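Please take these sequences and the hints and turn them into a complete structure.
Given next are the chains, with one letter for each unit.
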Amino acid sequence: MTQLELELNEVKTEVGNMWALVTSQLNKAREAILHFDKDLAREVMQREKRVNAFELKIDRDCENIFALYCPVAIDLRFLLAALKINNNLERIGDIADGIARYVIDAPAPFPAPLMEATQLLRMFQDSINVMQDAKTAFETEDTVLARTIFEKDEVLDRFNLAANRQIAEVIKKDINLTTEAMYVLSIIRKLERVGDQCTNIAEEIIFYIEAKVLKHLQQKQ
Amino acid sequence: MNKKPTSPINYRLAKSRAYQVLIIIFAMAITIPLFFIIGYIFVQGVQKINWTFLTHIPKPVGESGGGIANALVGSLIIVAVAAVIAIPIGIMCGIYLSENKRSKLAYWSRLSVDILQGVPSIVIGIVVYFWIVKPAGGFSAFSGSIALAIMMLPIVVRSTEETLKLLPDSLKEAALALGIPYHRVILSVIVPCGISGILSGVILSVARIAGETAPLLFTAFGNPYLSGDIRKPMQSLPLLIFNYATSPYDDWRDLAWGASLILLLWVLLLNIFTKVITRRWKIQL
Amino acid sequence: MEDTIVRAQNFNAYFGTNHVVKNVNIDLPRNNAIAVMGPSGCGKTTFLRCINRMHELIAGAHVDGKMYLHQEDIYDMHPIFVRLKIGMVFQRPNPFPNLSIYDNVIAGYKLVGMKLPKAERDQKVEESLTKAALWNEVKDSLHKKGTFLSGGQQQRLCIARAIAMEPEVMLFDEPTSALDPISTASIEELFFELKKSYTLIIVTHNMQQAARVSDRTAFFYLGELVEFDDTKQMFTNPKDLRTQNYITGRFS
Numbered sequence: 001m002t003q004l005e006l007e008l009n010e011v012k013t014e015v016g017n018m019w020a021l022v023t024s025q026l027n028k029a030r031e032a033i034l035h036f037d038k039d040l041a042r043e044v045m046q047r048e049k050r051v052n053a054f055e056l057k058i059d060r061d062c063e064n065i066f067a068l069y070c071p072v073a074i075d076l077r078f079l080l081a082a083l084k085i086n087n088n089l090e091r092i093g094d095i096a097d098g099i100a101r102y103v104i105d106a107p108a109p110f111p112a113p114l115m116e117a118t119q120l121l122r123m124f125q126d127s128i129n130v131m132q133d134a135k136t137a138f139e140t141e142d143t144v145l146a147r148t149i150f151e152k153d154e155v156l157d158r159f160n161l162a163a164n165r166q167i168a169e170v171i172k173k174d175i176n177l178t179t180e181a182m183y184v185l186s187i188i189r190k191l192e193r194v195g196d197q198c199t200n201i202a203e204e205i206i207f208y209i210e211a212k213v214l215k216h217l218q219q220k221q
Numbered sequence: 001m002n003k004k005p006t007s008p009i010n011y012r013l014a015k016s017r018a019y020q021v022l023i024i025i026f027a028m029a030i031t032i033p034l035f036f037i038i039g040y041i042f043v044q045g046v047q048k049i050n051w052t053f054l055t056h057i058p059k060p061v062g063e064s065g066g067g068i069a070n071a072l073v074g075s076l077i078i079v080a081v082a083a084v085i086a087i088p089i090g091i092m093c094g095i096y097l098s099e100n101k102r103s104k105l106a107y108w109s110r111l112s113v114d115i116l117q118g119v120p121s122i123v124i125g126i127v128v129y130f131w132i133v134k135p136a137g138g139f140s141a142f143s144g145s146i147a148l149a150i151m152m153l154p155i156v157v158r159s160t161e162e163t164l165k166l167l168p169d170s171l172k173e174a175a176l177a178l179g180i181p182y183h184r185v186i187l188s189v190i191v192p193c194g195i196s197g198i199l200s201g202v203i204l205s206v207a208r209i210a211g212e213t214a215p216l217l218f219t220a221f222g223n224p225y226l227s228g229d230i231r232k233p234m235q236s237l238p239l240l241i242f243n244y245a246t247s248p249y250d251d252w253r254d255l256a257w258g259a260s261l262i263l264l265l266w267v268l269l270l271n272i273f274t275k276v277i278t279r280r281w282k283i284q285l
Numbered sequence: 001m002e003d004t005i006v007r008a009q010n011f012n013a014y015f016g017t018n019h020v021v022k023n024v025n026i027d028l029p030r031n032n033a034i035a036v037m038g039p040s041g042c043g044k045t046t047f048l049r050c051i052n053r054m055h056e057l058i059a060g061a062h063v064d065g066k067m068y069l070h071q072e073d074i075y076d077m078h079p080i081f082v083r084l085k086i087g088m089v090f091q092r093p094n095p096f097p098n099l100s101i102y103d104n105v106i107a108g109y110k111l112v113g114m115k116l117p118k119a120e121r122d123q124k125v126e127e128s129l130t131k132a133a134l135w136n137e138v139k140d141s142l143h144k145k146g147t148f149l150s151g152g153q154q155q156r157l158c159i160a161r162a163i164a165m166e167p168e169v170m171l172f173d174e175p176t177s178a179l180d181p182i183s184t185a186s187i188e189e190l191f192f193e194l195k196k197s198y199t200l201i202i203v204t205h206n207m208q209q210a211a212r213v214s215d216r217t218a219f220f221y222l223g224e225l226v227e228f229d230d231t232k233q234m235f236t237n238p239k240d241l242r243t244q245n246y247i248t249g250r251f252s
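Here the protein sequences come in this chain order: H, B and L. Numbering follows the working numbering, with no gaps: position 102 of the first sequence is 102. Numbering follows the working numbering, with no gaps: position 139 of the second sequence is 139. Numbering follows the working numbering, with no gaps: position 121 of the third sequence is 121.
In short, the hints are calculated from the structure, not lab data. Since the model is a prediction, treat every value here as computed from it, not as a measurement. Don't take each hint at face value.
Below, simulated DSBU-like cross-link-like pairs (lysine-lysine); rule was C-alpha separation at most 30 Å, straight line [said to hold, decoys possible]:
id	chain 1	residue 1	chain 2	residue 2
1	H	Lys190	H	Lys38
2	L	Lys232	H	Lys12
3	B	Lys275	L	Lys145
4	B	Lys101	L	Lys110
5	L	Lys110	H	Lys57
6	L	Lys232	L	Lys195
Right, here's the structure in full:
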C-alpha cells in the first residue's frame with residue numbers, strides 16, 4: 001500500500017472512531033432520558049470535549065494530506081466528503097450535548113403519557129439506527145444503504161410534524177405538563193436535525209463513491 | 001521538341017541525372033584501381049607462395065628456390081618490439097590527455113603528437129640513425145623498432161584520447177562516488193569501457209607501420225640470414241620488397257611479389273580484425 | 001531531540017569566484033528523509049555534492065566552513081573515507097556498462113580489488129537488491145549486463161550499488177527526474193523503506209515529490225538556506241514569504 005493509501009485509511013478509521021463516539025453520546029442521552037439519569041447526562045457533556053478534539057484532528061489531518069499529496073479523483077472526493085462528514089458528526093455531537101443539558105435542567109422525569117404520545121424513545125432509537133446505517137454505509141462504501149437513509153429521514157420528519165399536534169393535545173389535556181412538553185418538543189426538534197445531518201452524510205458518501213451530487217435535489221433515489 | 005512551358009523542368013531533371021551518373025563514375029574510378037591492384041598482386045604473388053617460400057631464407061644469387069622466412073620472422077619481431085614500446089606509452093599518454101584537458105603539459109603533448117604524425121617516415125629513420133645506430137656502432141632491429149614505435153605513438157595516443165573523451169562523465173562520477181580511488185577509476189572503469197576504441201587504435205597503428213620501409217632503411221637495415229637477435233640488423237618484408245623488386249634476378253623478383261602479397265594480406269587482415277573486434281567488444285553505453 | 005548526523009556550519013561553496021552556496025547552517029537528523037528543494041541555480045545540487053566531497057572534483061571549485069559527519073569534519077578526513085560512508089545516486093542512472101548486474105552491485109568492492117568470499121558476495125548482492133526492491137525482477141538474470149534494464153530498474157540498480165557499500169547517509173541528486181511516472185512512484189515508495197536504515201538527503205526540483213516523500217524539507221534560494229522545517233509545516237504554513245511564493249508557484 002502506498003503512503004497516501006495508508007494516510008487515507010487513517011482518516012477513515014478516525015472518522016469511524018468519531019462516529020462511534022457520537023453514537024454512544026446519543027445512546028447515553030437516550031438512556032439518560034429513559035432513566036432520568038443526570039449523572040449520565042453530565043458524562044455526555046464531559047465527553048463533548050472529546051468530540052470537538054476529534055473534529056479538529058480530522059480537519060488537520062485532511063489539510064495535511066491535501067498539502068502533501070495533492071490527491072485526485074476518488075481520493076480527493078473522499079477527503080472532501082470526510083471533511084464535511086466530520087462537520088456533520090460534530091453537530092450531531094452538539095445535539096447529544098444539548099439533549100443532555102435538557103435532562104440536567106429538567107426538574108422531574110418526563111411523564112409517561114407525554115413519552116407515549118410522542119413516541120419519543122422510539123424516535124430516538126430510530127435516529128440512532130439511522131446514524132448506525134450511515135456509519136455502515138461509509139465504512140463499507142455501500143451506496144444502496146446510503147440511499148435508504150433518505151427514506152428513514154422522512155420517517156423522522158413525520159415524527160417531527162406529528163409531534164406538534166400531539167404535544168398540543170397533551171398540553172390541552174393537562175396544562176401542568178407544559179414545561180415538560182416544551183422540553184420534549186425541543187428534543188424532538190433536535191432529533192429531527194440528527195436525521196437531516198445523516199441525510200447530508202449520505203449525500204457525501206454517494207458523492208465520494210459515485211461522484212454524483214445529490215445536494216439540493218428534490219427527488220432523491 | 002515543342003516549346004512547352006515544362007521544358008525547363010525536363011532540362012533540370014536531365015542535369016540531375018547527369019550529375020548522378022558522374023558521381024557513380026568517380027566512385028568507380030576509385031574502387032576499380034583498388035581492386036586492380038589487389039588482384040594484380042594476388043595473381044603475381046599467389047604462384048610464388050609455397051611451403052619452401054615461407055620457411056627458407058633467400059638463396060644466394062643464381063640459385064633458384066629460397067624463400068622469405070627471414071623477412072617474415074624479422075617483420076614479426078620488429079613490429080612486436082615496436083608495439084611493446086609504443087602501446088603502453090601511447091595508452092598512458094592518451095589517458096593523461098583525456099583526463100587533463102587544460103594543463104600546460106597537455107597542450108604541449110597534444111601539439112607534439114599532432115606534429116609527430118606529420119613528420120615524414122624517412123626523417124624519423126634518419127633521426128633514429130643518428131641517435132641510436134651511430135652511438136651503438138651498428139644497425140639493429142631494436143633501432144628499427146624504435147623508429148616504428150615513434151610512428152605508432154600518435155595514432156595510439158589520439159585514438160585512446162578520443163575514445164576516452166567520448167565516455168560520459170557520469171561513469172567517472174559513479175565510480176568516484178563509491179569511494180573508489182582515482183587510479184582505480186581509470187584502470188578499472190574508464191579503460192575497460194573504452195577498450196574497443198583503444199584496441200582498434202592499437203591494431204590500426206600496427207597495420208599502419210607493418211608496411212613502412214623508410215624508417216627501417218637506416219636502422220634495421222636488412223639481413224640476408226634468419227636472425228633473432230634484436231641487437232643486430234634484421235630483414236623485414238618491406239625491406240625485402242624494396243631491395244629485391246628492382247633487382248635484375250628473376251628469382252629475387254619472384255620473392256618480392258610473394259612478399260608483397262603476404263604483406264598486403266597481413267594489412268588487410270589486421271584491418272578486418274579491427275572491425276570485428278570493435279563490434280564484439282563494443283560496450284553499449 | 002533527534003540525533004543530528006550531518007551538520008553544516010557557516011558553509012560556503014564556490015566555483016572559482018562564483019559564490020554558489022552562501023553561509024549555510026543546517027542540522028540534518030538521522031534516519032529521516034530530507035528533501036532539498038529550490039529553483040534552478042539555487043545551489044541545492046552544489047550543496048549536496050559538498051556533503052560527499054564530489055564538488056571539489058571540478059576544476060576551480062572550493063569550499064569553506066565546516067561540514068560534520070557525526071562530530072568529525074569531513075574536510076579533515078580523506079575523501080575516499082567520506083564517500084564510503086556517504087553514498088550517492090545520480091540523476092541519470094549510470095550502471096557500469098561493462099559489468100553484469102551482479103558485478104554492478106558489488107562494484108564498490110570489485111573495482112578496488114577487494115575479494116570477498118563467494119558466499120558473502122552472493123549474500124551482499126541479494127540483500128542490496130532486495131533493499132532496492134529489485135531482487136525479484138533480476139534474480140534470474142544476474143549475469144546479464146546492467147544496461148539491458150529499464151530506466152527505473154537501472155536507477156534501482158544504482159541504489160543497490162550504493163547500499164552495498166553500507167553507507168550511513170545516502171544522497172540523491174534528482175533521482176527520478178529522468179524517469180517515467182510509474183518508475184518515479186516505485187522509487188518514492190522505496191524511500192519510505194530506506195529511511196529506516198539510512199539517512200536520505202534528496203535534492204529535487206519537483207516540490208510535490210518533496211512533499212510526498214520527506215519528513216523535513218530545506219528550501220534553498222539564490223544560494224541561501226531560506227527555511228528548514230518539518231515538511232507538513234512547510235507545505236501548510238511556511239514561515240518565510242519566499243518559501244510560500246515558491247511552493248504556490250508564484251515564481252518558478
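Quiz item: For the pair supplied as a hint, Lys101 of chain B and Lys110 of chain L, is the alpha-carbon distance within the 30 Å limit?
Solution: 29 Å, holds
Quiz item: Taking only the CA atoms, is the gap from Lys275 of chain B to Lys145 of chain L under or equal to 30 Å?
Solution: 22 Å, holds
Quiz prompt | Straight-line alpha-carbon gap Lys190 of chain H to Lys38 of chain H, limit 30 Å | solution = 19 Å, holds
Practice problem: Below or equal to 30 Å on CA atoms is what counts here, so check Lys110 of chain L against Lys57 of chain H. | Solution: The given pair, whose Cα atoms are some 53 Å apart, is violated under the 30 Å limit.
Quiz item: Is Lys232 of chain L close enough to Lys12 of chain H, meaning Cα to Cα at most 30 Å?
Solution: The given pair, whose Cα atoms are some 20 Å apart, holds under the 30 Å limit.
Self-check item: Pairwise hint evaluation, Lys195 of chain L against Lys232 of chain L, where the allowed Cα distance is 30 Å at most
Solution: 17 Å, holds
Of the numbered hints given earlier, the model fails hint 5 alone.
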